[in-house]
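Generate the whole structure from the sequences, applying the supplied hints.
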Amino acid sequence: MIVKYLLAALVAGLFSGVLMTAAQEARVIPLILHAEEFEGEEAEPAATGTEAPKATHEHSSLRSVPSLMDIAVYFSPISVAHAHEGEHEDGGIMFGMSRFSGTLLANLVTGAGFALLLAGVSLLTGNPITIANGAIWGAAGWLAVHLLPAIGLPPELPGFPAAELGDRQVWWVATVVLSGAGLYLLILKNGIAAKIAGIVLIAAPQVYGAPQPSDLSSNVPAVLGAEFAVAALATTLFFWIVLGLSLGFANEKIAKAV
Amino acid sequence: MAVSNVSSVSLSLSDRLVAGLVALLLGGFLVFGAGLANSSVLHDTAHDTRHSYGFPCH
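Here the protein sequences come in this chain order: A and B.
The first sequence begins at 1 in the numbering used here and counts up one residue at a time.
The second sequence begins at 1 in the numbering used here and counts up one residue at a time.
Derived from the structure by calculation, the hints contain no laboratory data.
Not one of these hints is a red herring.
With the C-beta cut set under 7 Å, the calculated list includes, among others, these residues of chain A facing chain B: (1) Ile-2; (2) Val-28; (3) Gly-102; (4) Thr-103; (5) Val-109; (6) Leu-117; (7) Leu-124.
Ranges between beta-carbon positions, derived for each pair: (8) A:Lys-195 to B:Phe-32: 24 to 32 Å; (9) B:Gly-33 to A:Asn-219: 24 to 32 Å; (10) B:Gly-33 to A:Ile-196: 31 to 39 Å; (11) B:Gly-28 to A:Gly-209: 20 to 28 Å; (12) A:Pro-213 to B:Gly-28: 24 to 32 Å; (13) B:Asp-15 to A:Asp-215: 49 to 57 Å.
Bear in mind the structure is a predicted one, so any value in this text is a computation, not a measurement.
Glycine residues also receive a C-beta, built at the ideal position from the N, C-alpha and C atoms.
Here you go:
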């Protein structure tokens with residue numbers, strides 16, 4: 001029984017992850033690749049090979065795998081550049097996959113993860129996700145995980161100035177958890193006290209403030225950053241609406257099958 | 001009418017809580033691995049996903 005509900009979440013998450021990959025390829029990835037041209041000092045000829053927007057999911061990038069690995073090597077010393085991790089771990093994309101395959105895999109994992117989190121909240125609070133309310137659940141998830149944290153930490157392009165990674169991750173996770181709890185109190189609990197507590201929880205991390213970089217200068221054009229922030233928020237909203245609806249659908253299928 | 005309480009019809013309270021906790025732990029683990037884990041291999045594989053989802057990155 002328990003496993004069936006987890007499977008429903010997995011199915012919905014994987015499905016949403018695939019659709020999210022298509023949305024990213026259309027709207028977000030081209031901006032990331034564009035920004036990477038400004039990230040380093042020297043121009044990056046390898047990036048142009050993958051810059052053409054992919055119309056389909058099939059990636060005929062076998063010939064460009066070496067150049068993709070070059071990109072991966074180029075990016076691997078993330079922790080060296082920011083000097084918050086001593087070890088010079090070798091990076092590179094898992095299993096020698098292409099960049100697109102890595103992104104698809106990460107989207108599948110992330111989709112399944114967010115689906116399980118959403119299903120977990122639904123199960124623990126005893127508020128079933130159905131087809132009728134799935135889009136609302138998805139929108140609430142988007143608010144908690146993307147829009148509210150983005151107030152303090154807007155989606156960043158490669159090459160953007162940013163504060164210490166660990167500080168930002170702590171603030172991000174705390175904001176997601178507090179926003180989620182706040183939205184739960186605000187939407188699903190009755191009574192004026194719960195509503196006020198919900199608003200306080202949502203506002204608290206914003207009042208505290210996200211860690212900000214001391215130096216705002218960047219080689220990446222501001223217009224790209226603005227386009228990227230909107231594209232990232234729009235595609236994640238799409239992802240969460242699909243996720244909520246498909247989770248509601250999967251839940252109702254299971255309830256009928258039992 | 002089962003539509004309004006899908007999960008409570010077919011799951012007992014304790015099963016529901018166990019399922020919810022398992023889902024939260026598993027989901028948190030997956031999101032952490034894809035989005036936040038401080039590993040170069042995981043970072044490089046999930047790089048574009050991390051940026052697209054607005055995870056703190058780099």
